[in-house]
Amino acid sequence: MSAVNAQHAVPTALWRARLRLALQSLRENWQLFVRTRIGIIGLAIIGLYALLALAHPILMNTVWEPRTYDPVVGYAFDETQQPAPPSLKHLLGTDPLGRDILSQLMFSARSEFLLGLLAATVTVVIGTAVGAIAAYFGGWVDTLLMRLADIMIMMPAISVLIVLSALIGVEHFELALIIGILSGFGATGVVLKSQALSVVVKPYIDAARSAGGGHFHIILVHIVPNLLPLSFLYMMFTVTSAIFSEAVLSFLGLLDVRMSWGLMIHTTESAGYLLQVTEFWWLIFPASLSITLLCSAFYLVGRSLDEVVNPRLRSR
Amino acid sequence: MNVSVGIPASASLALVSAVNLAKRYPVSAGWFRRDRSFIHAVDGVSFDLMPGETLGLVGESGCGKTTTGRMLVRLTEPTDGQVLFKNQSGDLEDIAHLKGAPLKDFRRRAQMVFQDPYESMNPRRTIFDTVAEPLHVQKIGDHSERFERVSETLSMVGLTPPASFLFRFPHELSGGQRQRVAIARALVMEPSFVVADEPTSMLDISIRTGIMQLMNELADRLGIGYLYITHDLAVARYMCSRIAVMYLGKIVEMGDTEDVLQYPVHPYTKALLSAVPVPDPEATRDALSIKGSVSAPVDPLPRCRFYDRCPIADDYCRDNDHPPLEDKGAGRLAACHKA
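Chains as they are written, first to last, in my numbering: chain A, 2 to 317; chain B, 10 to 348.
Treat the hints as calculated values from the structure; they're not laboratory data. Think of the CB as a built atom: it goes at the ideal place given N, C-alpha and C, for glycine as much as any other residue. A couple of the hints might just be wrong.
Stated by the list, open to error - Computed Cβ-Cβ distance ranges for the label pairs, DEER-style:
id, chain 1, residue 1, chain 2, residue 2, range
1, B, Ile149, A, Thr293, 53 to 61 Å
2, A, Leu294, B, Glu181, 39 to 47 Å
3, A, Leu290, B, Glu181, 45 to 53 Å
4, B, Lys300, A, Val202, 30 to 38 Å
5, A, Ser160, B, Lys148, 48 to 56 Å
6, A, Pro226, B, Ala172, 21 to 29 Å
7, A, Leu49, B, Ile216, 51 to 59 Å
8, B, Pro311, A, Pro226, 46 to 54 Å
9, B, Glu181, A, Ala51, 30 to 38 Å
10, A, Ala51, B, Pro170, 42 to 50 Å
11, B, Gly340, A, Glu29, 55 to 63 Å
12, A, Glu29, B, Gln97, 47 to 55 Å
13, A, Thr293, B, His180, 35 to 43 Å
Next comes chain B alone, as it looks inside the complex (with noise of 0.2 Å):
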């Protein structure tokens, strides 16, 4: 079913726009229990996307972003809230529910990198295989065309001369070579929305840099849209125009990536930015220290998520549910109580 809000496009200048988005996962699961738990996985998230902007998710492991990141390719189907998504007419639609034909067809709007370039490949295909897979299951052109456009994606992303990598095998590849490959088969079919989950974590550090400027660099010219799914600081800073710190489920902070990154409000943010090491042995700064690990969200009471390890949490955290995500001035948008 074609579930077309129908809101037109003056309306919303965003590319995707998650709305209130949540997906709880059920603990105890049994055939004959009623009331059951809930892991509270993404609760309640919401932000815009622009086209060709690049949203950074930053957060610890276990924060739901990779699930947020899921939900927006519709990986996952999302327990609650909406996910509008600027369909061809330039009108949104929500892909949250969608099944069948428009969700395939959706499908070709919105792709995902994922994060171990080892795994995320079938061992048993070539590279041909793999990058033509998104064109042959949607049908698009004949054995040449898809050749001619595997080729030219391949070229793209830096797999030059095309030839000598098409019929070779993952295991044939080193580890960059096959982010590049993993790209490829996101792009070829031409999305105008990418979600990148982490895919430079488990590369080494020398071509880290190399596969984030071909992300730039096809961002610029081709106009995605990328949500970019970091735990690095100094990642989201090299990709990212703004960016979402997430914690236990919620968006806890989000603004332009510099000011965030140079101003935190929210003492999560703050805490995050002061475990990052500074190369000066002989710097000092204010040491600002969380107690405790992340819990885990089961059902959580209704007060500030951060209230157990915040510190500057007071009673007011304690008896008043979770902060809304509100501004808190020059576009800085942070849920606390106290900042």
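Isolated chain A, as found in the complex (with noise of 0.2 Å):
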């Protein structure tokens, strides 16, 4: 090869290389998350909400009228009470407000998905950077970065969310970054941390430094990319906590959100309907079903994809 060609033809080449190693990896690890079963249950429950998720404003633009299938200022006319049980027109019939339960359902899908996903974002860039850094370094920074984890372990996440939402008022935004905060300095950092530790005794680390890469080649370039499948995994528990977290603060009617499935447990309860579980199931059961739900089906593929990063949880 002259060198004119290798100009381009190397960087090319390398992510060819790069990618065949990916797409395999990706292959061998779908086949290992496959024959778990459970992570295809919780993928599949995934899906399903996501398609939720999804078609919801395309309802809106075409078969829903908005006056009537709002999910926030809607009010079904067409029913003579409100709650009314669910019909043709309201296949889960409306809330005491007079409101589609199905529209609800589905418009909150969406947020909780992103609320998860960014919540998730934040615990892994905070947690892989914490876990790498104190592995690393070591000494002070790593007695500091540990006891600042003690301490967010330590705060009731929960106590912690009322008083701060008291204090400023969180909306699902401010709620992922104080989730992901949290998580990514305390349980998930000390994690990453662990795991980090066995990379940095690695000889390829010395090779490194003994070419002369400086702290953030190699935290960057060697130990980042080794964590990166544990973190994807703690990603997975992070969404399933922030949607449950989600959930607990806006039935406290904690959170100042437009529509939720924790608001929408809140308003029958607010109705009074809480208790009459049995005569307005329909009230209740949607929203709290959903969020069991989801939140399992996360768990279950982060429980699915624990086996196979962590290669000694396999079943032979």
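Join the two chains, each given in its own frame, into one complex according to the hints.
Written out as structure tokens, the structure is:
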């Protein structure tokens, strides 16, 4: 290969090789993932809710008339009394304020996903950085970060969120940031540090140092890529806890959001229907079942990924 | 800070000189404790290594040979002593406590080959990435120059054609091939000094010779000075012109390989040699047995380090400090009161 076309050929060949490795490990990991079955169940539930979330704006623009079906300000004029039980026009009935429950459910699914993914991303970015830096530098940097982690772990998350939402008014975005920071500097950071400790003692770290590689180079090129599988696993667990926290807070009426699954239960409760579950089941079950299902789904995917990432857990 | 001691080249022919090199690790580290104990991993080691020479560092596990090697390439910072290294202008420079840019510059000239070829490469990087890493972090050449240089180095270590290895991953290579990649990574910047830490001990017997031949050949061709760390006397005999035998952080005997192996002076060297099996069922020899096992060098007493296990030690060895490494005739250095 001549020097001239090497200029372009090398990066191309490198990226092709990296892509090949990525695809190969993706294929192998997918096979392991499928073999665990629970992951597939989780993925199916997540897919179902993703479809619901995507379908909502389409339905609102086509068959659902906004005046009737808007999840926040709609009113079911066609029903004589509210809450109305499920009917053909309102498949899951209406809430005490005359709003369509299915529409609320689908509308909320989208924000649950956004909340979960943002919280998970913040967690993993912070957790990976904390873990890699604490393990690599050790000494007082490690001590400082791990004592901070202890504080984060000791802090009861829900109580902190209650205080914060009372003080500053928390919406989905702020909630995701708070959950991400608490978990990233806390438990997730500690777990990723323990993984990073097994990476920093590898001879290839020494080799990079003796080549003259700086701290930034070693952390970014050698440590972080070897933490990513575990980081991804902890993303899944964070999604679960984010959705759950959101439900608790909006049920308590502490979250400044327009509509969410927790808020649907809150509405039921404040209208006095919470204890009449058997009679007004459509007010409670769709929202609470959705919270449970979506939380479990991400948890199942996480458990299944755990087996992919930790070979010791694999059943033989 | 550039600590050049300003010794002119004519004063010493050495490429690398270890001068009273020591590494002590604190045992019970605590924020509020004083008077801690120390493990004397390496304690006052001195030797010279000439350009193009291969010096073997032999000893059992835990005797400090790897720590010594790591200090010479500054993967470990010495607690005491100097590492004098010949720089481009031919002067000897103390690299023991270099920092920043001078340290990074030193790294171009001294490299290390690690023991385990399965752990010494990042599994997520291609062979090209791995071998080009020193060029990348040292900002040597552009992409196509690096490509040329990596290809040349790979064919030099016997991975031909290089194109069929460049874009593979470590797990797709055999142990011997990986160790060749590791050697290529060490040589890609054309260093004058390489520490080889038991590069063949994790390999199958059948491919060891190949790697050793390669290293010898490269030493001759490129004039590299090796510090070859091994516990295998046969390997040392094949690779090294001189060897130094280490015991508990001290060099106990040093000299030309054949001399040392034929006529050992120090009782520890004798014991090491008598432990080597002879492929002859009829062979007899004086069994020289040493007692016990290596003790941890935690705050060693001021007596001969080998006293507890030595078959010929007496009260003099117990009551006097560890003997200095001194000339016992014919260029042989040994540290023993009795020899």
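Status of the hints after comparison with the structure:
no., hint, in the structure
1, Ile149/B with Thr293/A: 53 to 61 Å, "holds, 58 Å"
2, Leu294/A with Glu181/B: 39 to 47 Å, "holds, 42 Å"
3, Leu290/A with Glu181/B: 45 to 53 Å, "holds, 48 Å"
4, Lys300/B with Val202/A: 30 to 38 Å, "holds, 34 Å"
5, Ser160/A with Lys148/B: 48 to 56 Å, "holds, 52 Å"
6, Pro226/A with Ala172/B: 21 to 29 Å, "holds, 25 Å"
7, Leu49/A with Ile216/B: 51 to 59 Å, "holds, 55 Å"
8, Pro311/B with Pro226/A: 46 to 54 Å, "holds, 50 Å"
9, Glu181/B with Ala51/A: 30 to 38 Å, "holds, 37 Å"
10, Ala51/A with Pro170/B: 42 to 50 Å, "holds, 48 Å"
11, Gly340/B with Glu29/A: 55 to 63 Å, "holds, 59 Å"
12, Glu29/A with Gln97/B: 47 to 55 Å, "holds, 48 Å"
13, Thr293/A with His180/B: 35 to 43 Å, "holds, 41 Å"
When held up to the earlier numbered hints, the structure conflicts with none and fits them all.
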